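Colleague: Listed below are the residues making up each chain.
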Amino acid sequence: MSEWLESAISRGHQIDDWLAPKRTQAIDLLSTTPWPTRKTEAWRYTSLRAVQNSKAHEIETKTNLLPEHITNLSAIELVFVNGKLDKQQLPDVLPKGLSISLGSDLNKEQQSQALANFSDIKPKRHLFGLVNDALAQDVVIVNVEDGFNIKQPLRISSLLSLGAESHTRVQVTLGKESHLAVIEDVQAEGDSLCTAFVEYQVSAKAHLEHYRFALQTGSNVAVGGCHFNLLDHSSMHSTIVAFGSDLSRLDTDIIHSGEFVDAKLNAIYLLDGNELFDLHATVEHAMPNGTTEENVRCIVAGRSKAVFNGRIHIHRDAQKTLAELNNRNLLMTNTAEINTKPELEIYADDVRCAHGATSAQVDKQALYYLQTRGIDRAKASVMLNFGFINELIDLMPNTVLSEWIRPIIRNRFSAMEVK
Amino acid sequence: MSNTKSLLTIKDLYAGIEEKQIIKGFNLDIKPGEVHAIMGPNGAGKSTMGYVLSGRDGYEVESGSVTFNGQNLLEMEIEERANAGLFLAFQYPVEIPGVSNLEFLKASVDAVRAANGEEAISSSELLKQAKAACKQVDLPLAFLKRGVNEGFSGGEKKRNELMQMLLLKPKLCILDETDSGLDIDALQLVAKGVNSQRSEDRSFIIVTHYQRLLDYIKPDFVHVLADGKIVKSGDASLALELESQGYAWLENGNVEAKIEG
Ligand SMILES: Nc1ncnc2c1ncn2[C@@H]1O[C@H](COP(=O)(O)OP(=O)(O)OP(=O)(O)O)[C@@H](O)[C@H]1O
Ligand SMILES: [Mg+2]
Numbered sequence: 007m008s009e010w011l012e013s014a015i016s017r018g019h020q021i022d023d024w025l026a027p028k029r030t031q032a033i034d035l036l037s038t039t040p041w042p043t044r045k046t047e048a049w050r051y052t053s054l055r056a057v058q059n060s061k062a063h064e065i066e067t068k069t070n071l072l073p074e075h076i077t078n079l080s081a082i083e084l085v086f087v088n089g090k091l092d093k094q095q096l097p098d099v100l101p102k103g104l105s106i107s108l109g110s111d112l113n114k115e116q117q118s119q120a121l122a123n124f125s126d127i128k129p130k131r132h133l134f135g136l137v138n139d140a141l142a143q144d145v146v147i148v149n150v151e152d153g154f155n156i157k158q159p160l161r162i163s164s165l166l167s168l169g170a171e172s173h174t175r176v177q178v179t180l181g182k183e184s185h186l187a188v189i190e191d192v193q194a195e196g197d198s199l200c201t202a203f204v205e206y207q208v209s210a211k212a213h214l215e216h217y218r219f220a221l222q223t224g225s226n227v228a229v230g231g232c233h234f235n236l237l238d239h240s241s242m243h244s245t246i247v248a249f250g251s252d253l254s255r256l257d258t259d260i261i262h263s264g265e266f267v268d269a270k271l272n273a274i275y276l277l278d279g280n281e282l283f284d285l286h287a288t289v290e291h292a293m294p295n296g297t298t299e300e301n302v303r304c305i306v307a308g309r310s311k312a313v314f315n316g317r318i319h320i321h322r323d324a325q326k327t328l329a330e331l332n333n334r335n336l337l338m339t340n341t342a343e344i345n346t347k348p349e350l351e352i353y354a355d356d357v358r359c360a361h362g363a364t365s366a367q368v369d370k371q372a373l374y375y376l377q378t379r380g381i382d383r384a385k386a387s388v389m390l391n392f393g394f395i396n397e398l399i400d401l402m403p404n405t406v407l408s409e410w411i412r413p414i415i416r417n418r419f420s421a422m423e424v425k
Numbered sequence: 015m016s017n018t019k020s021l022l023t024i025k026d027l028y029a030g031i032e033e034k035q036i037i038k039g040f041n042l043d044i045k046p047g048e049v050h051a052i053m054g055p056n057g058a059g060k061s062t063m064g065y066v067l068s069g070r071d072g073y074e075v076e077s078g079s080v081t082f083n084g085q086n087l088l089e090m091e092i093e094e095r096a097n098a099g100l101f102l103a104f105q106y107p108v109e110i111p112g113v114s115n116l117e118f119l120k121a122s123v124d125a126v127r128a129a130n131g132e133e134a135i136s137s138s139e140l141l142k143q144a145k146a147a148c149k150q151v152d153l154p155l156a157f158l159k160r161g162v163n164e165g166f167s168g169g170e171k172k173r174n175e176l177m178q179m180l181l182l183k184p185k186l187c188i189l190d191e192t193d194s195g196l197d198i199d200a201l202q203l204v205a206k207g208v209n210s211q212r213s214e215d216r217s218f219i220i221v222t223h224y225q226r227l228l229d230y231i232k233p234d235f236v237h238v239l240a241d242g243k244i245v246k247s248g249d250a251s252l253a254l255e256l257e258s259q260g261y262a263w264l265e266n267g268n269v270e271a272k273i274e275g
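So the sequences go chain by chain: P and F. Our numbering numbers the first residue of the first sequence as 7 and each following residue consecutively. Our numbering numbers the first residue of the second sequence as 15 and each following residue consecutively.
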């Protein structure tokens, strides 16, 4: 076992709060889990050296950090500063039907309910998910009552000052026929380490619109997860935008626990320098008549490294499943690396399932068309390559967010082009 | 007229794709300001001619010459041809998801301006011009934000081609069946678009199957293209003749004899 994990375990032992039973469970599992090596399938292409060497530590003193402003976005801001919920940044009045509370502030009865739900969706196999169970500083519970459509998006930001370590946890429940949009992002000043996990319970006929912006770069180490449990006739639309850092890893689990669930996941990676981003996306079709559409597109330059593992598991009872996984990658330099692995496991017979992983080739016809309009070949290829990512930005349901992120991505892409 | 310099001169052109000869001895001379209509049966090589002139990959010229505005067109890159003032409105415009129409128009207008030693257009000026062009071809403004031709209907794609023509102000516009798939109103719109652009220093090649369009756009010449070459040329009345007779007279191979006789 690594020193880092040993220290995490001993720190976990010292926390005595309402979550103690869950922390103990996690610690027990962690104690018997070997530290991943290159032979560990889930970490095959992603080294944990950055975690082992991290000097980041929990910072107790209160720091004032504000989330980066998103032009034209009016969101309910849920801000963690170095792992602690900054209550002052929460609005005084929340929209009707929405509640946000700190786990430790709940009454006994509410806590026992929260305890029962805690880590119920996130699978136990995620090592850092267990670390988060054991070390979560503040656990925030978000609830949308049945039938409420919350128009304002909820933005969950995790802010870290230089050298900080944080473990944030949010449990989101969407009641029946409700609607909520959630934006998750991490902003860090350097040499930081965070685990940020969110579990989503999406009740019958509810709709979740979800975004995760993993734009932290450099020496900011981040390992996190988004885990979705979807009940009958519910739906979700998720967009992940990631730059890389010394280590940036995200695990998502989309679980079709009810029938007629519709799930969409679009992920964009844009990596440069020595950056790494690793997405492990698992979809469990446990029930019939579900649909999943997954689009993952990576552009990698420099000596960066993209890892994508897309697993779709169609259980025996999940008849009439429609699942599609599409992964397209673009290597800008041959020193960059893309490791991609689609895994389809199908145990039902009446399903339609497709996957494709391709290196994006510039579409010759499109190139010709642009050239006939006077645009030179080099510029036309750039436009098409950017278009390849932009297509997924166009699919973001919230246009305020797409208009905000588009120029950010464009700038990063232009910088990649120059080299 | 006769001493005016030609804008486009095609001499004895033989060209094709993948060893298949499609253009077989094509001759055409276009002076500035002229409108030429090209008609002819399916598969005659009309679109191929446009591809060859635009420089599309895979289209090989075996022999012959093409001079455009005094330059050897066949030696130029695709984009150089465009920047020199050649514009091809496609029979089947390409969809490019992810690249917005407006972004595309800006890149295109800027490329042509750069070739003429002009500065890039400001975004606000481009938007102004693009809005005016949209209005002229009756394309809702929302189409500027969409991906290039992405999910456009057949007719909308054609309007989008015309809009580009309006913005780029080329010297030679080749319209490949821009009238196909258009409703009657749209047909008049295409005609208006073309007529508004007619000028002493702009020429047109209009490929069409329908005499109808030529009621609105009076061509100076009408040519019949069959099996890779022009088999008959005349004035606007030839289109009317074709409308009533069809192309049956082309059959049996002995084309020249039939026309003369
Ligand atoms: N890639 C190709 N390989 C082989 N033959 C081709 C290819 N592209 C076109 N052709 C052939 O070349 C001939 C000319 O085609 P072209 O598209 O130029 O005809 P057209 O006159 O534009 O017809 P239409 O009126 O139907 O548009 C046709 O017989 C066509 O099948
Ligand atoms: Mg054609």
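Just so you know, these hints were derived from the structure itself, not from any lab. Model, not experiment: these values are computed from the prediction. Cβ coordinates follow ideal geometry from the N, Cα and C atoms, glycine included. Some hints could be false.
[To be verified] Calculated pairs, EDC-like style, for lysine to aspartate or glutamate (alpha carbon to alpha carbon, straight line, at most 20 Å):
(1) K370/P x E255/F
(2) K25/F x E89/F
(3) K370/P x E139/F
[Claimed, not checked] Every beta carbon over 10 Å from chain P, so not counted as near; a handful from chain F, in silico:
(4) R95
(5) A96
(6) L182
[Stated by the list, open to error] Short derived list, chain P residues pointing at chain F, Cβ under 10 Å:
(7) E64
(8) I65
(9) K68
(10) T69
(11) L72
(12) E74
(13) I76
(14) R379
(15) G380
(16) M389
(17) N396
(18) I399
(19) P403
Colleague: Compare the structure with each hint and give your call.
Modeller: Hints, verified against the model:
| no. | hint | result |
| --- | --- | --- |
| 1 | K370/P x E255/F | violated (40 Å) |
| 2 | K25/F x E89/F | holds (15 Å) |
| 3 | K370/P x E139/F | violated (31 Å) |
| 4 | R95 | violated (8 Å) |
| 5 | A96 | violated (4 Å) |
| 6 | L182 | violated (7 Å) |
| 7 | E64 | violated (43 Å) |
| 8 | I65 | violated (42 Å) |
| 9 | K68 | violated (44 Å) |
| 10 | T69 | violated (40 Å) |
| 11 | L72 | violated (31 Å) |
| 12 | E74 | violated (25 Å) |
| 13 | I76 | violated (20 Å) |
| 14 | R379 | holds (4 Å) |
| 15 | G380 | holds (4 Å) |
| 16 | M389 | holds (5 Å) |
| 17 | N396 | holds (4 Å) |
| 18 | I399 | holds (8 Å) |
| 19 | P403 | violated (16 Å) |
Hints 1, 3, 4, 5, 6, 7, 8, 9, 10, 11, 12, 13 and 19, counting from the list given before, are not met by this structure.
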